Every structure is written in C-alpha cells, then in structure tokens.
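A.B. asks: Since each chain sits alone in its own frame, please combine them into the complex, following the hints.
In order, the protein sequence lines correspond to chains V and A. The first sequence: position 400 = 400 (this note's numbering), numbered continuously. The second sequence: position 180 = 180 (this note's numbering), numbered continuously.
Do not rely on the hints blindly, as some may be mistaken.
[To be verified] Residues on chain A that point at chain V, a partial pick, calculated with CB under 10 Å:
{"hint": "1", "residue": "I14"}
{"hint": "2", "residue": "A15"}
{"hint": "3", "residue": "I19"}
{"hint": "4", "residue": "Y129"}
{"hint": "5", "residue": "S360"}
{"hint": "6", "residue": "E362"}
{"hint": "7", "residue": "W363"}
{"hint": "8", "residue": "V365"}
{"hint": "9", "residue": "P402"}
{"hint": "10", "residue": "E404"}
{"hint": "11", "residue": "S407"}
{"hint": "12", "residue": "L411"}
{"hint": "13", "residue": "L412"}
{"hint": "14", "residue": "S414"}
{"hint": "15", "residue": "D415"}
[Claimed, not checked] Calculated cross-link-like contacts (lysine to aspartate or glutamate; reagent style EDC-like; alpha-carbon spacing at most 20 Å):
{"hint": "16", "chain 1": "V", "residue 1": "K399", "chain 2": "V", "residue 2": "D358"}
{"hint": "17", "chain 1": "V", "residue 1": "K106", "chain 2": "A", "residue 2": "E405"}
{"hint": "18", "chain 1": "V", "residue 1": "K425", "chain 2": "V", "residue 2": "D254"}
{"hint": "19", "chain 1": "V", "residue 1": "K54", "chain 2": "V", "residue 2": "E72"}
{"hint": "20", "chain 1": "A", "residue 1": "K268", "chain 2": "A", "residue 2": "E284"}
{"hint": "21", "chain 1": "V", "residue 1": "K356", "chain 2": "V", "residue 2": "D339"}
{"hint": "22", "chain 1": "V", "residue 1": "K96", "chain 2": "A", "residue 2": "D419"}
{"hint": "23", "chain 1": "V", "residue 1": "K290", "chain 2": "V", "residue 2": "E275"}
{"hint": "24", "chain 1": "V", "residue 1": "K106", "chain 2": "A", "residue 2": "D419"}
{"hint": "25", "chain 1": "A", "residue 1": "K383", "chain 2": "V", "residue 2": "E90"}
{"hint": "26", "chain 1": "V", "residue 1": "K127", "chain 2": "A", "residue 2": "E404"}
{"hint": "27", "chain 1": "A", "residue 1": "K383", "chain 2": "V", "residue 2": "D92"}
{"hint": "28", "chain 1": "V", "residue 1": "K404", "chain 2": "V", "residue 2": "D392"}
{"hint": "29", "chain 1": "V", "residue 1": "K157", "chain 2": "V", "residue 2": "E37"}
{"hint": "30", "chain 1": "V", "residue 1": "K252", "chain 2": "V", "residue 2": "E240"}
{"hint": "31", "chain 1": "V", "residue 1": "K96", "chain 2": "A", "residue 2": "E404"}
{"hint": "32", "chain 1": "V", "residue 1": "K404", "chain 2": "V", "residue 2": "D336"}
{"hint": "33", "chain 1": "V", "residue 1": "K96", "chain 2": "A", "residue 2": "E405"}
{"hint": "34", "chain 1": "V", "residue 1": "K326", "chain 2": "V", "residue 2": "D368"}
{"hint": "35", "chain 1": "V", "residue 1": "K208", "chain 2": "V", "residue 2": "D233"}
{"hint": "36", "chain 1": "V", "residue 1": "K463", "chain 2": "V", "residue 2": "D379"}
{"hint": "37", "chain 1": "A", "residue 1": "K175", "chain 2": "A", "residue 2": "D146"}
{"hint": "38", "chain 1": "V", "residue 1": "K106", "chain 2": "A", "residue 2": "E404"}
{"hint": "39", "chain 1": "V", "residue 1": "K367", "chain 2": "V", "residue 2": "D336"}
{"hint": "40", "chain 1": "V", "residue 1": "K121", "chain 2": "V", "residue 2": "E110"}
Note that these hints are calculated values from the structure, not bench results. No experiment lies behind these values; they were computed from the predicted model shown. Backbone N, C-alpha and C fix where the C-beta goes; we use that ideal spot for every residue, glycine too.
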Amino acid sequence: MIKFIGKGKIFKRILLLVILTSITAGLLVMGINLYQESNLVRDSLIEENKLVAKLAARAIETGSLTRLWPFELLEHISGSEDILFWWVVESDGRIKLADDVSMQNKIINEPSLSATEMIVKDSIFYKTGEQMKLIIEPINIGTFDKPMLFYLGISLKRLYSLNKIVISNSIYWSLLLILLSILPSIYLSKIITISLNYLMDGVMHISKGDLNYQIKVTDKDDEFGHLAGAFNDMTRKLKENKERDELINQMKSDFVSIAAHQLRTPLTGIKWVMEALLNGDAGELSSNQKEILKKGYESNERVIKLSSDLLNVARIGDGQEGFTFKIYNFEEILNDVIDSLKDLKTSKNIVLNVSKPDSSIPVKIDKDKIELALFNVLDNALKYTPNNGVIDINIKQEKKKNLKISIKDNGIGIPIKEQGRLYSKFFRGSNVVRMQAEGTGLGLFIVKNIIERHKGKMEITSKEGAGTEVLISLPINIMPHLKKIINSQ
Amino acid sequence: MVKSNKIFTTAVVIAVLGIAIVWGFLKFSSNNNNVSVVPKTNKENINKSESKEVGYGWSVKDTTEEAADESIAMIKKTLQGKIPHYVLFYYTVGYSPNVIKDKIKSEFGDDTEIQGMSSLLGVMSKDGYHVGKVGSMSMLGIASPDIKMNVAGVDLDKFSPREAGKKVIMDAMQKAGETEKPALIYLTIAPGKEEEVLLGIEDVVTDKVPIIGGSSGDNDLSGKWSQVANDTVYKNGVVLTAIYTKLKIGTSHEFGYLTTEHRGIATKAEGRKLYEIDNRPAAEVYNEWSGGAFEKELKEGGVIIHPATFYPLAKVLKSKDTQVSQLDVFHPGYINLPEKSITGFANIQQGDEIVLLHGSWEWLVNRAQTTAQKAMSSENIGKGEALFSYYTFCAGTLLAIPEEERSRIPLLLSDELGDVPFVGGFTLGEQVYMPGIGNRHANLVNSIAVIGK
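Looking at chain A on its own, in the form it has when it is part of the complex (with noise of 0.2 Å):
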C-alpha cells in the first residue's frame, strides 16, 4: 500500500510538472513587444498650433454658465490678455443663447461683435467632435487687427425675406462703418426662407461676394433653433457678420455625392415641394431611380429624410459666365399622399433640370478634408497657414453617419488644416457660393471659408 502511494504521488507530481511546463512554455514563449504610446501634451497644443490673435474654446459642461465659462476660458487663455472684437459661438438647444451672450459681453464687453447659432445634436472644434449630455458649446474669438467682422441682425418675422436680406446687409455694412463690399458675408439663418433672403443680401452687394452660412438646427425639427446677434436673440431670423479683410479668403463646399444617371425635368413644382418629373409623380419617379428605396412610403406617405440622404436630387445649375454646370442640392424629406409629391430642404422651380446623386456615409466623412483642402488650394493657403475657419456640415448627412465615425469630421478637418483654430455647427441648410452663379442654398451640403494669414 505504501509503495502504491508513492508511485500515485510521483505520477501526480510529474503531471503537475509537465502542466507547468507547458503552461509557462505558452506563457513566455511570445516576444513582448509592447507598442507604447506617448501622447501629446495639451500644453504643446497649445503653445504649438494657437495664434494669439485667435482663440477658440469649447464645453460640454451640464449648465450653460458653466460651459460658457469653460469656453471663454479657453479663449483667453490663448489670447493673453487681448479682447476679441468679434466672437462667433455655436450651441446646442439644451443650452440658453442669452446666457452665453451675456457672458460673452460681460468678459469681453460691449465692443465685441457676437455671432450665434444653434446647431443640432452637437458641435465641432479644432479639438473634435462635441456632444454632452445636456448639451455642447464651441466658440471662436478673433482678436486680429487685419480683419474687420461687423454682426446685425433682422426678425424675418417683421420684415419679408428679401427685405430682411437687404436690411440686414446693411446694417452690417453701416456698423463697419463701411461702404464697399465686404470680402465674405457669413451667415446664420432660420430655416424656410433663405433662398429670399440670399436675394435680398445679392441686391445689396451683388452675387460675386461670398456668403457662406448655414440654417440653424436643432435636435428634431420642432423649430427650437434660434440665431445671435449681438444682444439679440432671434427665433426666426436672419444674423450675418460682414468681414472686411485683406487677407486671403478661401471658400468651398461640396456635396460628397457621385451624380448618377438619372435625370430629368421638374414638369412641376412650388416653392420647397416637387409635384412632377417629366410629367409623372414626382415620388414614383424618384422610387423607381432609387431602385425602389421609397416603395413603403409611396403607399404610406410620410418623412424620408434619412434613406434620401444616399439618393439626394440636385438641380442642375448652368453659370452665367462659363459653360461649367453646377449642381445645387434638394434633400427630399417628405412624400405626400395622395398626389405623391415631394417636399424637400430647398427652393425649385418648374423646369429646374433634376439629377439623381447617391452616396455613402465614407465619401460624407471624407468630404471634411477635401472640402478643405479645395478652400486653401483657391487661395493658396498652405496648411498651418490659415488664421481661423468656419465649418458648417449638414444636419443630415451627420445624421446618415455612424455616430462611432462621426467625431473623424473634424478631425479630418484639423489634419487637412493643420495647427488651425476652427469651430463649426450642424445646420438645416447651407448657403454656398457658386463662382458665376451667384449664391445658393443648398442642402446636404459641407461647406467652410478658410482666412489665411
């Protein structure tokens, strides 16, 4: 018995030997190479990529008062010790545009020009992509003395669109004391009527100045956007800054679509809402380009927003001076029973000539940097060369992205660039220049306005 034991233990012995060898053999038998990360330092961000004469700031912060300390913060951190004359801020609804203007004139005073704008969902900056969980807040702050930036405002309640453009433009224009016509107008505006009020603005200085701008949004289309302007806070309005400079201005936007083969004529159409292509619904005819895309709600009627941001129209837009077509997009939003029309994000008109774009979210996100790299390469801008930027991106096509590749927007942005202060919001509506057609709106659309030093 006792020889039995001994056998049965050095049999156990030498089994738990073996497993140990095999376990530490699989163990260590692998190189450790370890691939270490040395992050950037915020302070060599800082130091590295921020001129003095701009700042820009941003917060996520659960109060507005919080969030717009944050921000101004940021800001004055940068420009050590100067006052920005102009500051432009975009926020989300969960935030109070009051408050933040407020702030704003109460630490940099009364001098400083303020441009607001909601945005929907959340904001970008040179640092990313924003969104907290009361609400989020970017903030730029020009403090350079080559460039003159006058804000005014108009209630479109209280005047007519066209009207409120002129009105606006040249309230702007008189504030900076100025009677030429600015280098680039940048705009903030309530959704419905910008196609007015861009003529309104072009009856002022004509169609070969550059606005660039967008719609503001909020997070479901029940109309809590609002714009600011100075000491206003507008619902339903109309907010620009004039900018007088002679420093380089680079503009572009782009749709991030490819044109497919589709087209046709809109036989019949009112304001935002298509009746007809070629004579037939427009909604029929849309679903059978889109291989189908919209049969459910062909028979139901109702909002389209989201798969019609793979398969926008465009209208097809011929230059006064060149042969070169330009497309101006349409978002279709709504099909209405039982006539199957069409509403959509913009203005068209019968006998606009109709074209079939399609997409993917990947050429969306990508259009961040090209969008960007088209602005500095118009003027020459090398990267790292800008003073500042404005970015607007469209709610929608946010909308048709992942939200985990969303935050690669400004990142792009950023890298395309360089060491650039920017800040950007997501818009119900874009305005863009088109070089011999004038100004548009647009939908679907990303666009920026690149100010090199």
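Next comes chain V alone, as it looks inside the complex (with noise of 0.2 Å):
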C-alpha cells in the first residue's frame, strides 16, 4: 500500500478531491446547520420570553390594583439561566423596581421608552458588554400611575452554547466523514492507477523491444479489460510483424551474401585475366586494345568491390561477423589508411592536416574492421571534397576514456533533407548523385555498425556546399599498466 501510494499523481488527486469534497461537504452541512439550528433556538429563545414578559407584566397590572409587585414570579423569573436582568421603568426612564435593587431610582436613556406594543431588539447588556435580545412590554397600570414598561433581558449563551455543539458535532462528523471516503477513495484510484500501471508496464516492455509481454487482464468485463484486450492484441500483431520482418531481412541477406560469395570468385578470376593481359603475360597489346582492357579491368574492379560490400554487410550488419579485439597503437592504423588513399589524395590535390596527441594511443578494437571503418569514412571525405580542397582529422583523448576522432572536410555536403537516412543501406546524396562519383551507398552503414560493435558513437554533422564533420568516439578501454607497457614499447 506504501508503496502504491508513494507513486502516482492520479491516487493523490482522487484522495485530495475526496478530502476536499468532504472538507467542503462538512462546512455546508455544518453552515446549514448552523445557521437552521441557531435561528430555531433563537426563534424559540424570543418566543419563551416573550411570554415571560408578558406574564409579568400582566401579574404588574393585576397586582397594581392592591399594590402588590409579584416579588414572587420576579424572583422566579430573575432566577432563569436566560434572563440577564429586568426592570419596570417608569415612561421618564426611571427605574421604578428591578431584579439589582442597586439600579432601582436609577436613570436610563433608552429609545423605546414610549413603547405602546411589544418590542424585541438586540442590544448590549450593560453589565458585560454581552450581546442580547431585550424584549420590552408596556404595562398598562391605569391613570393614577405613570405608564410604564418591562423591560426583560435575553442571555444568548444557550443559544452560543448550541451554535458550539452544532460546531463540534459537525467537525466530527466531518472528519468522520473524511475518514470514511478515505478508504472507498483509495480502494477507487487503486483500480484505476493498477490497471494504468499494468498498461504503462506493457508500453515500456514494448518500447524496449519486448514483444512478448502480454497484460494482466483481471475484469474482461470492464473498460480497463477491454483496453488491455485490445493491448495485447497490437502487441502479438506487432510481434508477427517484427518476426515477418525479419525472416524477409534475413532471407534478402542471405541471398546477398550467397550471391556475393558467387560472384566474386569469377570477379577476381577476371580480374586476374585482364592483369595478366595487360601485363603482356599474352603478348604484347596495342595501345587501343591496352585501352579497352584497362576499362574492362576498372568495371571488374568496382563490380568487386560492390560484391566486397555487400559481403561486408551481410556479415557485419548482421552480426554474423565475429570481432575480435587487441590493443593497437590507433595513429599507426590512421597512417596506414591515410597512405592506402594516398593516390586519390594526390590526384585532387587535396591538403590532409593530422591532428593528434603527442604520446600514442592505445586503443582495444578489432584492427581490420576499423582500418575498414576509418578507410571508409575517409575515402568519402576525398570523393566529395573538390580538387584542392582539405580534409582536417583531428585525434584526442577525453577524460582518458574515449578517444574522439574528427575527420572533417570541406566538400559538397549532404543536404539537410536527406540526412535522416544518412545510415541507411544504398543511401547517396542527391547531390553526390549528380555528380556521377562512385559509390554503393553501404559505406556509412558499415561504418556505423562497426563503431556500435565497439561500444563507440557515431556523429554527422553535413552543411550542403559547405562541408562534412563525422565524429567517432571510441572506448579507450585499457588497463593503466597495460596503457605504460604499450607506451613503452
């Protein structure tokens, strides 16, 4: 439970709109309530009283006529939790009797005091400050005696006391009201967040590549059911798509690579023949057959080389290709596929700058394919960088953990629109197209299987017109007394 709840926004929203609800129920009930039960008591307060009053004024009146005061009722009256005092008060102000005989002969300065019908207002009782309800009813003596009024004060304690009860026993409620929907509150977001979870699990098992988590399905019946249902239907679907998918990927590269394999022995047997021919192993050749021969020899060529690739990413793209890793001083492997690519430097004029660390790198990683990898890369930056062009490589070391590599140039680019397929297989820039230079499109795709085989990263960054920035990280991955050993040997 602590930990369901620990979790989730939506729990705590339904168990605060819950609480709320409550709070919110509880003070109308309580207002309602209040203000009903106040008016009732106070309605009921009024009217008690104003039949005291007027039952003392009537035995006033009576007793009037053997001049007797009804000391008796008074005092009974006086002796009421709700009566805070009364008077007679004569119509000068004069207070002829009261229940404090010390305010007897006192005057008072009171607006009603020519009152022919009974009043009932609120007031101050002058004694404490408190308020109250006084009620005040001529008495009719007769004519010898002056008019005067009864004057009865009204205590609202009872009716303070019941608005604290009413108070009370609505909090109580309340909070028991809280307390209650509390439970159905979590018991409802618990079906609701468990089932979500449920689906948020399948669609973090899916996008992790996990097409064979299925969802829990605990009500078929309800709309948490149906949804999963439906869940685990796109996820089989998905499932037979990606294991379709595959067969065909896997069945195009073996065909490729079966029918590379094929071709390339005749292809370098070709080869050899036109060598041989061109050599004069045969005989001597005029120069118009030399000509011919020697384009013959360089289609042979780029067919190889085209069967080579694809060899390549039928095996490595695949995975099928086994790596293996040794440590290697990285700028030797540099020089060498720097100097393998020397004759396409040298026939655009195309200025290298190298760039690297003073001591030498060590690095673990499989020699050939990076010579492969580098050799690509490389071989695209002079294809697509014009005569005189240059092409900056720069080599460091960062935080002693990957060796960056920056082989940039200042060619044609790659247009912003397509550099989305970048990586793709048979991928050429529209531009490059244009240019009729050669190419099969697979080279970037090796190049990035490779580097990922090493744990390493790839970058692009491509400016039509401009020029090409590839950035590759490699793990340094050596052991600090091996990294002594290697520098110095």
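C.D. replies: Below is the structure:
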C-alpha cells in the first residue's frame, strides 16, 4: 500500500478531491445546520421569553390593583439562566423596580420608553457588554400611575452554547466523513492506477522491444479489461510483423551474401586474366587494345568492390561477423589508412591536416574492422571534396576514457532533408548522384555498425556546399599498467 | 505535485474566507442598540430630597467609632450647622451602643435627646437596607422647631412592667415640661413584658394616644439586645420618646396576611402560652389548620418560628366603639411536649377568638408600601410632604423573605414616601395602635409613623 501510495499523481488527485469534497460538504452542512439550529433556538428563546415578559407585565398590572408587586414571580424570572435582568421602568426612564436593587431609581436613556406595543430588539447588556435580546412590554397600570414598561434582557449564551455544540458535532461528522471516504477513494484510485500501471508496464516493455509482454487482465468486462485486451492484440500483431520482417530481412541478407560470395570468385578470376593481359603475359597489346582492356578492368574492380561491400554488410550488419579485440596503436592504423588512399589524395591535390596527441594512443579494437571504418569515412571525404580542398583529421583523448576522432572536409556536404537516411543501406545524397561520383551507398551503414560494435558513437554534421564532419568516439578501454607497457614499446 | 498543492491551498483559502464571512455576518448582523444607564448623582439626591431640618445617616463600617462618625457626618452635612434636638438610632449587636451615644453627645451636646434600639441583622434608611460584616447603623437627627421630642428610659429589672410603663411616660412628659398627652409615643422595649408596659403607659395617657414601636432585637434571640435613652444603655429596659407637635402624624401597621376560614377559641391559655384550642391540644389543631406543616414538631417538639411565619395565628379584637374587628397577630414560636402547647411572642388569653392567617414573603415585602400609603392617606400627607418617618419591621418576617429580596423593603417604602428621610429597624415584637381598641403588642407586623410638614 505504501509503495502504491507513494507513486502516481492520479491517486493523490483522487484522494485530494475526496478530502476537499468532504471538507466542503462538512462546512456546508455545518453552516446550514448552524443557521437552522441557531434560528430555531433564537426564535424559541425569544418566544418563550416574550411569554415571560407578558406574564410579568400582566401580573404587575393585576397586582397594581392591590398595590402588590409580584415579587415571587419576578424572583423566578430572575432565577432563569436565560434572563440577564428585568426592570420596571417609568416613562421618564426611571427604574422603579429591578432584579438588582442597586439599579432602582437610576435613569436610563433608551429610545423605546414610549413603546405601546411589545418590542423585541438586539442590544448590549450594560454589565458585561455581551450581546442580548431585549424584550420591552408595556404595563397598563392605570391613570393614577405613570405608564410603565417591563424590560427583560435575554442572554444569548444558550444560543452560543448550541452553536458550539453544532460546530463541534459538524467537525466531528466531517472528520468521520473524511475518514470514511478515504478508504473508498483509496480503493477507487487503486483500481484505476493498478490498471494504468499494467498498461504503462506494457508500453515500457514494448518500447524496449519486448513484444512477448502481455498485460494481465483482471476483469475482462470493464473498460480497463477491454483496453488491456486491445493492447495485447496489438502486441501480438507487432510481434508477428516483426518476426515476418526479420525473416524477410534474413532471406534478403542471405541472398545478398550468397550472391556476392558466388560472384566474387569469377570476378576475381576475370581480374587476374585482365591483369595478365595488361601485363603482356599473353603477348604485347596495342595501345588501343590496352585502353579497352583497362576500361574492362576498372569495371570489374567496381563490381568486385560492390560484392565486397555487400558481403561486409551481410556479415557485419547482421552481426554474423565476429570481432576480435586487441590493443593497437591507433595512430599507426590511421597512417595505414591514409597511406592506402594517397593516390586519390594526390590526384585531387587535397590537403590533409592531421592533429593528434603527442603520445601514442593504445586502444582495444578489431584492427581490420576499424581500418575498414576509417577507410570508408576518409574515402568519402576525399571523393566528395573538390580538387584543392582540405580535410582536417583531429584525434584527441577525452577524459582518459574515450578517443575522439574528427574527420572534417570542405566538400559538397549532404542535403539537410536527406540527413535522416545517412545510415540507411544504399543511401547516396542527391548531390552526389548528380556528381556521378562512384560509390555503393553502403559505406556509412558499415561504419556505424563497426563503431557500435566497439561500443562507440558516431555523429555526422553536414551542410550542403560547406562540408561534412564525421565524429567518432571510441572507448579506450585500457588498464593503466598495460598502457604504460604499450607506451614503453 | 505543484498543481495539487495549488488546488489544496486554494481550497483552504476559500474555506477560511467562507468561515470568516459567516462569522462576520453573525457578529455584525445585529443592531447595536445599547441601553445606557445614567444614574442620579449623590449630590442630586442630597440637594433634592433632604430637608435641612431633618438629617439621616447610616454606616456599615467595621468599628463602632467609624460607623458612628460616618452616620453623624451625614446628618451634619444635611443639617448644615443646625444641631438636632433629637437623635434616634438603630444598630445591630456588633456595635457598642455606649460608644454610639457618647459620640452623639460629643458631637451634638448634652441637650440632644437620644433614643436607640438594637435591631436584628441589619437596619434601614432612606438609602436602603444596610448589613455590614461587623455591624450596621442608621441614624435620624431632628432639628425642626415644629416638633418637641423627649426621651426617657426605665430599667425593667427595677420595676414591674406596668410600673415601668407609668414611670417612663411620666419622666418623658416631665422632661418635655408638658402635662398634656403627647401626640405620639415612640417606644423601644426589651422583649417579654410589652403588654404590661403598654398598660402602664395607657394608665397615664389613656388608650387614645398612639404608641408605635418595637421590641429590640439581636441576631440569635440570645438576649444581646439593648435600648438607649440619652446617657443610659439598658439590657432590659423600656425607652420612649414623647412627641409633641401640631404637625400631622399618620400611623399605620399591617400584618400582610390573608385570613383563612380556620377559627377557634383559646380554651386554655396563660401569658404567652396557648394550651388548647376548642378544648384540644393547641399544636394539634394548629397543625391541622395549616395542612400538616408541623407534623415533625408535633411528634418531636421544638422551634417552629420560621414556618410559623407563613401560618401565624391572630387574636380577634373587637373594637369598643365600633363593631369592626381587628387582628392582633400571635406568632407561634415553639411546640411544647407532651402537652402539645404553643409558645408565642405575644400574650394570649383564655377565651380569645383565634384565627389562622396565611401569607407569602411577597406580601410581607409589599406591605412596606401599603402600610406607608395608609399612614400617609390617614392624615392626607402627600408624597414627599412628610418631615420624617419611623419604621419598624418584624424580624421574624424579615427572615422569611429571601435574602436577595430584603433590600426591596426600604426601597418600596422610600418610593411611597417620596424624598423623605426615615430610619428603621427589625424588631422582635411590635407595638401598634388600633383605633377603638387601643395600643397592642403584636407580632409579625410592620408599622410606620409619618410626620407631616
């Protein structure tokens, strides 16, 4: 439960909503209750004491015939908890009689001294300053005495006590309501969030490529059950499609591999024959004959290259090729690759700038594959840089963990719209195709696979007409003591 | 999470605002019509209400000296230099009557006639009902040339009651230099022999002279009462003032009870003991008449003073001149076993017609104003037109009134008299004047003398 509660905003929102609703409902109920009960008690209090005032006034009227003040009745009235005071007041404001004898003969200043009917109004108790209700009832004494009024001060303490009771009861019931609604809200949010969590797990599994994951369906008949069912169906179909695609790709790859392999032998044979003829092993050839044969030879070389690339794609791209990792000096490998392309470089008069660290950099790599990768990148840079261009090669060690290689040219670049397909098989930029430059479109695909197999990263930035930079990062992966040994060699 | 916090905060703010609005509505929705009280000032009271010929004072200070000083100061302030020729004072047993009368003498001189009487629990004045922690005192000083008041006292231990009565009135008249009967006699006397003393006084002045007064009281009926006549304090004395004046004198008394249908004859009685009513044990008959109010005491005997206050007995007195009967209340105090007799606070004679009365404390309080009203109307003295007044109130009836209601007695009286100075005390018996019958010692009475201007 704790783990469950700790997660998920939906649960918290549902819980918060329930709590707020309960509080609001509680406050509303309390307010209504308070209002109604207050009014009820206030009205009841006033009505009861209006009766008392009338009773007292009538008793005084009756007693006046025999000069008898109803002190016993007035004493009972004084004894009531609701009564703050009573006065018999003459029309000039003089208190003729009072519950508190010290008030007798005092003069009051009050606007209702000439009242001829009962008045009920709010007032302040002169002794304590508390709110009270004041009931004023005329006393019809007779002509030989001044007209008088009976003043009755009613305490509102009973009302306030009731208000306190209502408030405390309302708070109690509100809290109870909150507590009782927390459990259903937890249950409700649990139902929702568990199902959502299952769904989320399913999506996470699929995003990681696990198409075997199936969501657990707890109730087939509710909405979550239907959603889970649909999700599972979708996953099965994705898996079937993936398997089918994989089969097709495998079949393609196998075909390409077999075809390239089968072609390679006869192509190599053609190459030997043509070399022999060109070398004059079968007799001297005329210049015309040499020219024609040379063209055939070059065409044959292109087909051989294509079949090699196809074989590499098939083996390296499919992961069939095994990699053998050993420690090599990277600078030496780079020099070998530069050397193998020197004819192309020289023919286009391209300046090659190499910047590297002072000390040698041992790296743990598969030499042949890295050579192939560097060859493909540098070959592209030379092919797609115009004559007299510049290629900068920069090698540096980054935080003793990675080897960063940058190969930057000022060539034709890659159109930005086509950069999303850089690593696709047979990709060639539209500007390259217009140039009619030679290439199979498989080079970058092979390079990326090689670098990824080395747990490295590759990034290409390019601007059409300005040039391309290829950034390769390779983990150095060398123990410090071995590095020393290598450096000493 | 941030969004949830915002929602929560908003909800809390709304809730708090809502509560604040409701609270504000409840608090301020009512009209604030204050009833303000503007009391009269003391200065107004003095200037408006008090004659310069009569002053009154009172005190509840913790010492007799301070109390006497305070009371005398109040009188002096009113009289503004005039020396009263007569001072009447009531005091409770917490004060020393010797100190009081010496203070009066010291302030006003030897020519001032002084009469004093102890009172039960508290005293009264125009300003109200006064009860102090140690004691209380009220005092009246008369400086009017229109009234002559002379005080005399006699020790009842030295004379028989009747003789004492004769002597005291003769002494007072002699001091006054008068041979004529006084217009009014104001009496203070130790409880016990009031009837005989009255007869002695009437022997001298006849039963046509009203005698108003009371038997001095103490707080627990243990005999701590006292009476003061000029230089002398009596434990068991009779003191009176002979009053000579042409001014109107209105007197009245009231019991404040209703007569019931229960009547009988005191078939056996002696002094203050009633043995039989209609040839049956008096206590038995009394208990029956009062609906069984004394069942317990009938079996065990004992004090019945307090409940008997609401069920007093009364003697029916027939007027000599008219056929109108008057009642003379007999307050039963004790039920005595085994004979089931009743001892009261007044004499009862064999052959007296007895009637049961019934009342409530409400009537006992209310009678303060009706008694005053009767006294005033008997001599056509209007409200605020009297020079001064004396007032006595039976201590037994005081004790029957709830403590918080006792203050109403002098206030009702004051309301009826108007702005007239008066003092009063709480007595263990009262002496009243019944026209056509004469002067009688009564119980449970309040009585008043109002002297007009």
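A.B. asks: Decide, hint by hint, whether the structure agrees.
C.D. replies: Comparing the hints with the structure gives:
1. I14: 8 Å, holds
2. A15: This hint holds: A:A15 lies near chain V, its Cβ roughly 6 Å from the closest one there, short of 10 Å.
3. I19: 7 Å, holds
4. Y129: The hint holds - A:Y129 has a Cβ within 10 Å of chain V, the shortest such distance being about 8 Å.
5. S360: Interface hint status for A:S360: holds (6 Å vs cutoff 10 Å).
6. E362: 4 Å, holds
7. W363: 7 Å, holds
8. V365: 6 Å, holds
9. P402: Since the shortest Cβ distance to chain V is 7 Å, the answer is holds.
10. E404: Interface hint status for A:E404: holds (8 Å vs cutoff 10 Å).
11. S407: Result: holds, 4 Å to nearest chain V Cβ.
12. L411: Interface hint status for A:L411: holds (5 Å vs cutoff 10 Å).
13. L412: 8 Å, holds
14. S414: 8 Å, holds
15. D415: 7 Å, holds
16. V:K399 - V:D358: Holds, because 16 Å separates the two Cα atoms, which is no more than 20 Å.
17. V:K106 - A:E405: Between V:K106 and A:E405 the Cα gap is close to 18 Å, so the pair holds against 20 Å.
18. V:K425 - V:D254: Since the Cα atoms of V:K425 and V:D254 sit roughly 15 Å apart, the hinted pair holds (cutoff 20 Å).
19. V:K54 - V:E72: 16 Å, holds
20. A:K268 - A:E284: 14 Å, holds
21. V:K356 - V:D339: 17 Å, holds
22. V:K96 - A:D419: Since the Cα atoms of V:K96 and A:D419 sit roughly 14 Å apart, the hinted pair holds (cutoff 20 Å).
23. V:K290 - V:E275: 11 Å, holds
24. V:K106 - A:D419: 15 Å, holds
25. A:K383 - V:E90: 17 Å, holds
26. V:K127 - A:E404: Given pair V:K127, A:E404 holds - Cα atoms ~18 Å apart, limit 20 Å.
27. A:K383 - V:D92: 18 Å, holds
28. V:K404 - V:D392: Measuring from Cα to Cα gives roughly 13 Å; hence the hint holds.
29. V:K157 - V:E37: 14 Å, holds
30. V:K252 - V:E240: 18 Å, holds
31. V:K96 - A:E404: Within the cut-off at roughly 17 Å; holds.
32. V:K404 - V:D336: Measuring from Cα to Cα gives roughly 18 Å; hence the hint holds.
33. V:K96 - A:E405: 15 Å, holds
34. V:K326 - V:D368: Distance of about 11 Å is within 20 Å: holds.
35. V:K208 - V:D233: This hinted pair holds, its Cα atoms lying about 18 Å apart.
36. V:K463 - V:D379: 18 Å, holds
37. A:K175 - A:D146: Status holds; Cα separation ~17 Å.
38. V:K106 - A:E404: 19 Å, holds
39. V:K367 - V:D336: 11 Å, holds
40. V:K121 - V:E110: Roughly 12 Å separates the two Cα atoms, so the pair holds.
Against the hints set out earlier in the document, no violation occurs for any number.
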